[in-house]
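**Student:** One-letter residues, chain by chain:
Number of protein chains: 2
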Amino acid sequence: MKLLEEKILTDGTVLPGNILKVDNFLNHQIDVAFLNKIGEEFYNIFSSENITKILTVEASGIAIACAAAQHFNVPVVFAKKGQHKNIGTDCFTAEVFSFTKGTSYDVTVSKKYLNENDTVLILDDFLANGQAALGLMKIIEDAKAKVAGVGIVIEKGFQQGGALIREKGVRLESLAIVDSMTDDSISFRSND
Amino acid sequence: MKLLEEKILTDGTVLPGNILKVDNFLNHQIDVAFLNKIGEEFYNIFSSENITKILTVEASGIAIACAAAQHFNVPVVFAKKGQHKNIGTDCFTAEVFSFTKGTSYDVTVSKKYLNENDTVLILDDFLANGQAALGLMKIIEDAKAKVAGVGIVIEKGFQQGGALIREKGVRLESLAIVDSMTDDSISFRSND
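Chains V and P supply the protein sequences, listed in that same order.
Per this note's numbering, the first sequence starts with residue 1, numbered consecutively.
Per this note's numbering, the second sequence starts with residue 1, numbered consecutively.
The set of hints was computed from the structure by calculation and includes no laboratory data.
All values derive from a computational prediction rather than experimental measurement.
Among these hints, one or two may not hold up.
[Unchecked claim] With a straight-line cut-off of 27 Å between C-alpha atoms, the simulated DSS-like cross-links for lysine-lysine are:
| hint | chain 1 | residue 1 | chain 2 | residue 2 |
| --- | --- | --- | --- | --- |
| 1 | V | K168 | V | K111 |
| 2 | P | K7 | V | K101 |
| 3 | P | K37 | P | K2 |
| 4 | V | K112 | P | K101 |
| 5 | P | K111 | V | K111 |
| 6 | P | K101 | V | K81 |
| 7 | V | K21 | V | K2 |
[Stated by the list, open to error] If you anchor each label on the Cβ, the simulated ranges turn out as follows:
| hint | chain 1 | residue 1 | chain 2 | residue 2 | range |
| --- | --- | --- | --- | --- | --- |
| 8 | P | F97 | V | G17 | 26 to 34 Å |
| 9 | P | S104 | V | T103 | 35 to 43 Å |
| 10 | V | K101 | P | S104 | 32 to 40 Å |
[Claimed, not checked] On the chain P side, residues computed to face chain V include the following (Cβ under 10 Å):
| hint | residue |
| --- | --- |
| 11 | I54 |
| 12 | I62 |
| 13 | P75 |
| 14 | K138 |
| 15 | K144 |
| 16 | K146 |
Here a beta-carbon is modelled for each residue, glycine too, at the ideal position from N, C-alpha and C.
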């Protein structure tokens, strides 16, 4: 998505540890008008998949999922991280390993909100090592629902997440794929 | 908001510990079309306040803030909970005591996203003891910005948060105020 690549080049900052900071429009301050364009783009890509639910994980995925859901006209479900006593005990849970933190955490979805009749689109802001997306895919499988695909705003193409998802035969669509980045340059994978 | 009260009566469940569960449309599964009506209602209430930013706290406030921001045509900023190494060190921080958990946590906003020229609307899903809203108000004061008001989807009128905010002279508008609830009934405060 050309507009997104331009926005990343204009507004993004590269920090040590392969961190691409885009918190002025995507995951701390949110440019809601821009996010609606992202939501519309996901709709253009996945509109033929008969999506019934959009699944994401708190926190930064929520805004993206809601922006897209307006076009699909389906509910959003966001998985909760860690312990949530309010969510009840009848849940689907997956363990997600965070390479950044070196520890694992649980993502959880109430069984009320996913079932075998659902065709689910997973959306998230970033894809790096892919562990969160794989956790959401496990939850969808446990619910006997169908994974329609995974939509990512920014994929770090130099990390393994993309390969792990594609080798499972799941359709992965990333609006921008960063192939390399340094302090003063960011290179995107070509769409050709 | 009549429509919201009806939705709470139809879809809400009361659990032990004064928990009102509305996770099938508000804070786990999200009914995006309904949330847009809530966002529009906040716009109708606060449209004359010259809002420049909407501030909320992760996670369940994000969807509500984004729904409203589309009508105000302003950015959303969501405060992060706990430690966030990616957010940088130049931040406004407030400590929030959770009566539910009996412990405190920090809410943090980068100094880049709030300043003295901002007129800020705080939005959140629930107001109970008011500690999160008071924390966000402190952050706005630290930024020398103006608090335009606080908009809440569901206020628990039998807890102290509403009184704490109103006695500071801040405009608080709750779309539904629950005055009492039991296993089989929920009573709302009249609008008169």
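**Student:** Compare the structure with each hint and give your call.
**Tutor:** A quick look at each hint next to the structure:
1. K168/V x K111/V: holds (24 Å)
2. K7/P x K101/V: violated (40 Å)
3. K37/P x K2/P: holds (12 Å)
4. K112/V x K101/P: holds (25 Å)
5. K111/P x K111/V: violated (40 Å)
6. K101/P x K81/V: holds (16 Å)
7. K21/V x K2/V: Holds: K21/V and K2/V sit about 18 Å apart, inside 27 Å.
8. F97/P x G17/V: 26 to 34 Å: holds (32 Å)
9. S104/P x T103/V: 35 to 43 Å: violated (22 Å)
10. K101/V x S104/P: 32 to 40 Å: Taking Cβ atoms as reference, K101/V and S104/P lie about 21 Å apart, which means the hint is violated.
11. I54: holds (9 Å)
12. I62: holds (5 Å)
13. P75: holds (5 Å)
14. K138: violated (18 Å)
15. K144: Violated. Min distance 18 Å.
16. K146: With Cβ-Cβ at 18 Å, over 10 Å, it is violated.
Going through the hint list in order, the structure does not satisfy hints 2, 5, 9, 10, 14, 15, 16.
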